[in-house]
Amino acid sequence: MQKAKEKIMHALFLICACVSILAVVVICVYLFGTGIPAMADVGFFKFLFGTEWRPAVDSWGIFPMIIGSILVTGIAILIGVPIGVLCAVFMSFYCPKKLYKFVKPAINLLAGIPSIVYGFFGVMVLVPFIRNVFGGSGKSLLTAGILLGIMILPTIIKTTEASLNAVPTSYYEGSLALGATHERSVFFAALPAAKSGILAAIILGIGRAIGETMAVVMVAGNQAILPESITSGVRTLTSNVILEMGYADEHKQSILVATAVVLFVFILIINLCFSVLKRRKD
Amino acid sequence: MKIKNIFAAVLSAGLLATSLTGCANGGKAITVVSREDGSGTRSAFVELMGVLDADKKDATVSTAEINQSTNGVMMSVSSNPDAIGYISLGSLNDTVKAVKVDGVEATADNVKSGKYAVARPFEICYKEDKLDDLSKDFIAFIMSKDGQQIIADNHYIAVEATQSYTPSGKKGTISLNGSTSVGPVMEKLAAKYQELNSGVTVQIQQTGSGAGITAVTSDACNIGMSSRALKQAELDKGLTELKIADDGIAVIVNKDSKIDNLTSEQIKKIYLGEIKNWSEIK
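Taken in order, these protein sequences are the chains called R and Y. No gaps in the numbering here: position 89 of the first sequence is 89 in this note's numbering, and each next residue is one more. Each position in the second sequence, counted from 1, maps to that position plus 1000 in this note's numbering.
Bear in mind the hints are in silico, worked out from the structure with no lab data behind them. For every residue, glycine included, the Cβ atom is placed at its ideal position computed from N, Cα and C. Mixed in with the good hints, there may be bad ones.
Below, a list of computed lysine to any residue pairs in the SDA-like style, where the Cα atoms sit at most 25 Å apart [as the list claims (entries may be wrong)]: (1) Y:1028 <-> Y:1258; (2) Y:1276 <-> R:46; (3) Y:1255 <-> R:120; (4) R:46 <-> R:261.
A short list of chain R residues far from chain Y (calculated; beta carbon distances all over 10 Å) [unchecked claim]: (5) 6; (6) 18; (7) 87; (8) 106; (9) 123; (10) 128; (11) 175; (12) 217; (13) 278.
Far from chain Y, some chain R residues (derived; all Cβ distances over 12 Å) [to be verified]: (14) 21; (15) 223; (16) 243.
Taking the hints into account, I'd like the entire structure generated from these sequences.
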C-alpha cells in the first residue's frame, strides 16, 4: 500500500516536472517555428540591421528596437546597480536592527508592485520631471532607463545582500584585526569576496530590464527610430511586439513573433552568462 | 580605489547626459502624438489629412510618439503642453482641448452637417439577396429611432431615423464580424436588441474592417462592420453598404496651449514632420 502510494506520488512529481519542461519546449518550437521563416521572408540581414520600420510599405527593420532595448537596459543598469549594491551593503553591514525590520519589507514590496503601476508612476511623475529638467517631450530613453533602474533595484539588492551575507565573517573580522576601519573592511574585504554574487545580481537585473514591457511602453515614446540623444524617444523589442500585435494580420504577426525571437535569444544569452558564472563559482 | 572609479564613471555619465541634452532645449518643439500602425483611427486620420507619401502610403513622421490607445493619446497630450494628437470624437473630454480644423469646431453637429471634414463613417455591409429576416429586423432596429438614440448616447453621430422599432419576437442567431472601432457601439446595440427580443443571440467578432468585409463576402457571417467606406472592388462582390453612424476625429492639444485653430494643411505638415516647431504656426 505504502509502496503504491509512493509510486503514484513519484509519477505525479514527474508529470509536474514534465509540464514545465514541456511549456519551455512548446514556446521554443512555436517561437522559432513561426519567427525564423518570417525572418527569412524579410531577409535576415534586412530584418536585424534594417533601420526603417514602416509596416505600411513592407519595411521591417528592427535595428532601432535592438539598440533601443540595449540602451534602455544600459541606463537602467547604470542607475540601478550603484544604488542597489550600496543599499545591500548598508543593509548587510550598517543597518540598525530596528531600521532593518522596516527596510527589508519595503524592498520586498518594491518587488511586488505590478509593472503597470510603475508605468503610471513614470507617466505622472518621471515624464513631467524629465521634460522640465532636460526638455523634449519627457517620454524618452532616459525616462525609461530611470524607471527600469528603479524596477530592477529589488532584484539587485536581494541578490547582492544574499551574497554579502554568504561571505564568511572571518574576512571582515580578519580585516578589522589587521587594523582596518569598518568601512575599509566592508569595501575592501567583504565586498570583493562577494564579487561573483554581485555580477549575478547585475545579470539578473539586465534580464529583468530587457524583458519589461508595460512600464516601458508608457514612458518611452515608442518611436521606431535610432535615438539621437538621451531625451529622444525609443522603442524596445518588447514594446514593438505589444504595440502592434492588436491589429496585426497574419504576416505581420509572424514578423512580430520574429521580434520576440530576437528578444528570446537575448534572454538565452543572459541566462547562459548567469549559469556560466554560477558554475565557475561552484 | 575601484569604488572611486565607479563613482567617477557614474558622475561623468550624468554630466555627459546633461551636456548632450542641453542643446535640445529652447524653442517649443512640437511633440507629435500618434497611434500605432494598424489602428483604425490612424489609418482614417492619415487618409483624411493626406499624411501620405507619393505611393499613398502612411507617412507619419518617424519621430512621432506612439500610443497604444485613445486613452494613451489623451494622457500624453493632457500632460504635455507642446503635444498634438488625434482621437475619436466620441472619446473627447475636458482633459484636452480639441482645435478647430480650418476654423470649424469639432462637434457632433458640425460633423453631421458636413462642415467638419475630419470624419469617417461607421458602416455595416451585407449581401442583399442572402439576408435573412432576422438580420433585416436587426438592421431595422439599428436604423430606428431607438437604435440611433443608443449611437447618439455613446457620442457618435447618429443618422436620420424616422421610425420607432417594435420587437418582432423572432428567434435565432445573428453573426457580425469586423471593425474594432464599430465593435463597442455594436455591442451596446446588440445588448438592447437582445433585451427586446429574448429569443435572439447576436454574436459579434471584432477582427478589423477588412477581415469583416472578407467574412461577409464569403458568407462566414450575416453582417460585416467597417469603419471606412467600402471600396468599389468590395461593392462589386455583391455587397450593399449602409451607414449606421459617423465618427469624427478630433485633433487635440494641451489645455494650456494657445493654439485654437489649425488648417488641415498645417496638421498634415505637422504629421509629415515638415513643421517641427510651434513658432512656425501663425
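Query raised in the report: Hints broken by the structure, by number, lowest first?
Result: Hints 2, 9, 10, 12, 15 and 16 not satisfied by this model.
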